[in-house]
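Undergrad: Going by this note's numbering, the first residue of the first sequence is number 1, and it counts up by one from there.
These are calculated hints, taken from the structure and not from any lab test.
Check each hint, because a few of them may be wrong.
[Claimed, not checked] Here are the simulated lysine to any residue pairs, SDA-like style, with alpha carbons at most 25 Å apart:
(1) K387 - F516
(2) K387 - T325
(3) K872 - D886
(4) K822 - N876
(5) K90 - G103
(6) K904 - T777
(7) K227 - G352
(8) K594 - L563
(9) K90 - H117
(10) K904 - I847
(11) K785 - I801
(12) K151 - E451
(13) K862 - F849
(14) K356 - G103
(15) K356 - E285
(16) K528 - K115
(17) K227 - F288
(18) K191 - K115
(19) K694 - N865
(20) K688 - E638
(21) K904 - S783
(22) K528 - K594
(23) K193 - T325
(24) K551 - G365
(25) K115 - R139
(26) K193 - V209
(27) K604 - T587
(28) K551 - D182
(29) K872 - F849
(30) K736 - T777
(31) K827 - D886
(32) K827 - R813
(33) K193 - K151
It should be emphasised that the depicted structure is a prediction, and the values quoted were computed from it without experimental measurement.
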Amino acid sequence: YDPKEVEGRWYPIWESRHYFTPEANANPRARVFSMVIPPPNVTGYLHMGHALNHTLQDTLARWRRMSGDRVLWLPGTDHAGIATQMVVEKQLLHEGVNRRDLGREKFVERVWDWKAHYGGTIQRQMRVLGDSVDWTRERFTMDGSLSNAVKEVFVRLYDEGLIYRGEYMINWSPGLQTAISDLEVEMRQVKGKLYHIAYPVGHAVTNRVEGLAETYEGQTEFSGWLKTPDGDFVVVATTRPETMLADTAIAFNPEDERYRALAGKSATLPLIGRETPFIQDEVVEKDFGTGFLKVTPAHDPNDFAMGRRHNLEFIQVIGKDARVTGDAPEKYRGLDRYEARKQVIADLEALGLLLKTEDYTHNVGHCQRSGVAIEPLISTQWFMRMKPLAEPAIAAVREGRTKFVPESAAKIYFNWLENIQDWCVSRQLWWGHRIPAWYTPDGQPVVARDEQEARRRLAERGEDPNVALRAEEDVLDTWFSSQLWPFSTLGWPDQTEELKTYYPTDVLVTGFDIIFFWVARMMMMGLKFMGEVPFRTVYINALILDPEGQKMSKTKGNVINPLDVFDKYGTDAARFALTAASTAGLTLSLQESKLESARNFANKIWNATRFVLLNCDDVLDTQGGAPLDWETEIAPPELADQWILSRLNRVGLGVRDALGEFRFHEAASTLYHFFWDDFCDWYIEMSKPFVTAKEPTPQSTAVKRRIIYVLEQSLRLLHPVMPFITEELWQRLPHKGETICLAEFTPGDPARIDERAEREMALVIEVITRLRNIRSTFNIAPSIKLKAQIAPADASTRDLIARMEDHVKRLARIEELQIVDKLPARKGSARAVVGASEIAVPLEGLIDFENERSRLEKELNKLINERGGLEKRLSNQDFISRAAPDVVETTRARAEELDDQVAKLRAVIEAL
RNA sequence: GGGCACAUAACUCAGCGGUAGAGUGCUGUCUUCACACGGCAGAAGUCACAGGUUCAAAUCCUGUUGUGCCCACCA
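Hey, can you work out the whole structure from these sequences and the hints?
TA: Have a look at this one:
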């Protein structure tokens with residue numbers, strides 16, 4: 001099977017015929033099933049995570065669509081503020097242009113140009129993957145209607161006091177020159193130094209102090225308070241000595257008795273000369289360093305909070321460019337923060353105040369996008385108040401209105417929401433949604449949907465509505481618009497039909513890394529503005545690891561491109577492998593063996609169908625007539641037919657249930673074993689004599705039609721996971737309808753499950769397997785035809801064997817099968833016990849007695865072992881009285897059966 | 001520092017109260033008229049360790065060890 005010839009042919013047809021719009025379902029009473037795609041970045045390209053995420057969504061969408069639902073799977077992309085701006089800036093750089101040279105307006109135009117030319121990569125790749133999304137409803141987070149929703153939400157939240165503007169400490173990315181949210185900060189382990197610095201108390205230091213380090217080293221009772229002939233000093237430990245230029249206090253723990261006497265006093269800041277008071281604060285750990293903490297309220301989040309608590313002065317010495325500002329002494333001004341660090345250290349060293357430098361590994365916040373170390377700065381930004389929004393979002397999941405699968409993912413969600421901090425939503429970028437605010441000449445903000453409304457609001461405030469207004473320059477965090485995705489894409493704030501029909505969505509499929517960024521925020525916004533959760537179920541798909549079990553990352557160079565995988569194994573196979581690997585786990589390692597197995601499976605499907613087409617052409621209605629109906633009985637079904645029909649229905653039910661509960665691996669493996677083992681290895685094999693018969697008989701025609709029926713139904717079951725190969729093959733079979741995409745998903749019917757047929761077939765299979773086993777054990781060439789005798793356990797088994805005699809003979813390569821009441825006690829025959837029936841294969845001259853004895857003894861041991869376990873239970877009075885009666889009953893029955901088998905095997909071994 | 005997972009066959013993983021399954025790999029065998037990306041047969045696991053609950057534990061509880069992930073302001 002060559003997937004390349006087939007895949008790629010079908011998508012254009014599906015798309016042009018609009019099979020994937022909900023309108024393709026004409027049934028007015030159809031149930032609605034909706035999903036929105038997690039919008040990939042417009043700059044994005046398909047990676048393995050998408051391949052998995054989309055395969056699972058597509059499987060659900062196709063399955064629901066084939067099950068009669070009106071399905072909307074809405075696609076789209078995210079404008080990805082920072083990522084996209086960076087891409088275009090890089091492009092400009094090649095032209096030797098800086099974005100500032102271009103100006104904001106021109107730059108934004110360039111971004112739109114870029115999108116028009118290069119923004120369609122992932123959409124093309126989604127078609128390669130087979131995503132059955134409704135392209136007629138594709139959205140982009142910067143679309144007019146979505147921007148409108150953004151403005152509306154911003155204004156409403158502001159009016160309610162849930163958005164505010166203020167001066168706080170934020171994460172500043174010197175790389176991107178913008179504020180970023182806590183979530184965009186990534187902690188990295190950095191090997192740094194911990195510097196111990198002495199601050200004089202009650203005196204200033206202008207000349208070098210000698211011997212301080214030795215004094216510090218020699219402290220017997222470790223203390224940061226050094227009393228020397230040169231005066232008193234306190235020692236602080238810091239990883240960022242350059243920030244001392246902005247110190248405005250020194251803190252110690254109120255419980256710390258060592259330093260209590262310093263309360264109310266102050267130290268003199270070296271290099272600066274500023275008096276910095278001692279303060280007492282709980283956050284200081286007595287046991288860390290010396291127990292003194294330098295407080296830099298303008299450059300550290302902790303110190304910022306402390307500064308507020310203690311009314312400290314906020315002095316900023318590092319600017320947005322990460323260089324020392326004019327508020328520092330002249331000699332440091334303009335130095336980069338790391339240069340400043342060196343200089344400060346050198347200067348302290350010169351004064352004899354640097355007492356100790358030790359290696360120190362600690363975590364430093366870095367900008368996720370630019371990789372540059374964050375500079376905590378005080379800045380005026382827009383914030384969203386999260387606590388009041390988080391509470392309903394927590395409640396909704398607790399009450400089960402939205403369910404996480406796997407359930408454990410909800411814990412991640414709760415954990416974050418319960419400790420949520422306000423969200424800095426403004427960004428100093430050009431690409432994104434402009435914050436809908438204007439400033440009066442005196443700098444007062446007016447938040448409004450447009451300038452006109454801003455003026456109206458001024459008038460309402462009693463202010464002059466005709467002043468010159470300056471529009472806010474900042475844009476919103478990309479996630480601000482993403483969080484509205486489930487309803488902004490459906491027309492909100494207008495109360496559209498679409499919104500009524502498709503909101504809330506049924507399922508959201510996404511990765512756990514995005515629970516905070518996106519899922520939690522969508523929950524908050526959905527509840528706030530729609531009054532209802534945005535999705536009933538959140539399915540968290542696994543994180544894909546490389547074959548070594550490592551996280552894929554560009555720096556490790558172990559990233560696997562899904563398109564390469566599709567190319568090598570076929571898209572259907574890759575999809576099948578991903579589905580089959582989607583267990584309840586949080587990770588999934590992509591094994592080559594799984595891909596090979598899936599590729600072989602596709603090949604098996606191809607060849608099995610090829611066999612059927614080749615041999616059953618006389619009953620194919622190639623004119624595309626009605627599909628063959630199982631009920632069309634030309635000849636009565638025999639056991640194999642009853643059995644495969646039962647299995648088909650059982651599998652239909654099983655796959656339905658598995659998909660309904662997001663047990664994707666179970667659906668995949670059920671299909672795999674049904675198709676390969678049941679259909680190919682047993683049903684087709686048993687049907688071969690009929691199928692390949694030279695002269696057609698009513699029975700051969702019936703069997704052919706049944707094979708085609710089962711095959712056609714199987715392709716439907718497989719289609720949600722393997723859309724291309726199934727469409728290709730389905731089109732070559734008799735079928736109703738123009739595409740398998742809209743064919744009915746084989747509904748398993750419990751009434752068609754035939755327990756008796758399955759039980760009987762299991763026995764026949766075991767008889768055949770035992771006979772083959774004997775052949776294999778004694779290494780009997782296939783060319784040698786054997787005779788066999790079987791003594792059935794009872795009349796019904798005798799009847800069963802008689803009915804299936806031809807199959808048994810052919811599949812076990814037996815030329816003569818005698819059904820007898822009792823096996824003759826003949827030496828030189830290999831024996832087996834199946835249930836209560838016994839089998840003998842006369843092997844005069846061929847049998848190796850030792851071989852046979854060990855084979856049988858091994859078998860016997862297995863049985864005895866099992867019997868022993870049962871005996872232990874049955875002889876236990878507590879088991880009899882306390883275990884469930886049906887368990888006791890089946891245990892007894894099994895014990896009896898084993899007793900019988902053991903007795904028979906013993907007899908056989910003795911006869912040897 | 002806090003939280004969450006996970007430890008089952010050589011590898012990757014299912015199973016999650018009635019003494020173990022899959023895919024790959026491995027062994028043997030067969031080029032039998034769909035498929036060697038195949039058929040047939042087979043070998044392989046004291047279910048990490050120690051306690052406990054239960055008539056019964058890979059499965060539930062506790063602890064130990066090991067591994068992974070997430071969150072967090074120890075300067």
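Undergrad: Now look at each hint and say whether the structure bears it out.
TA: Hints and how they fare:
| no. | hint | verdict |
| --- | --- | --- |
| 1 | K387 - F516 | holds, 14 Å |
| 2 | K387 - T325 | violated, 36 Å |
| 3 | K872 - D886 | holds, 17 Å |
| 4 | K822 - N876 | violated, 36 Å |
| 5 | K90 - G103 | holds, 16 Å |
| 6 | K904 - T777 | holds, 20 Å |
| 7 | K227 - G352 | holds, 15 Å |
| 8 | K594 - L563 | holds, 17 Å |
| 9 | K90 - H117 | holds, 16 Å |
| 10 | K904 - I847 | holds, 20 Å |
| 11 | K785 - I801 | holds, 19 Å |
| 12 | K151 - E451 | holds, 12 Å |
| 13 | K862 - F849 | holds, 20 Å |
| 14 | K356 - G103 | violated, 50 Å |
| 15 | K356 - E285 | holds, 20 Å |
| 16 | K528 - K115 | violated, 32 Å |
| 17 | K227 - F288 | holds, 20 Å |
| 18 | K191 - K115 | violated, 41 Å |
| 19 | K694 - N865 | violated, 51 Å |
| 20 | K688 - E638 | holds, 14 Å |
| 21 | K904 - S783 | violated, 31 Å |
| 22 | K528 - K594 | violated, 44 Å |
| 23 | K193 - T325 | holds, 24 Å |
| 24 | K551 - G365 | holds, 21 Å |
| 25 | K115 - R139 | holds, 13 Å |
| 26 | K193 - V209 | holds, 23 Å |
| 27 | K604 - T587 | violated, 29 Å |
| 28 | K551 - D182 | holds, 23 Å |
| 29 | K872 - F849 | violated, 34 Å |
| 30 | K736 - T777 | violated, 49 Å |
| 31 | K827 - D886 | violated, 42 Å |
| 32 | K827 - R813 | holds, 22 Å |
| 33 | K193 - K151 | violated, 47 Å |
In summary, the numbered hints that this structure violates are 2, 4, 14, 16, 18, 19, 21, 22, 27, 29, 30, 31 and 33.
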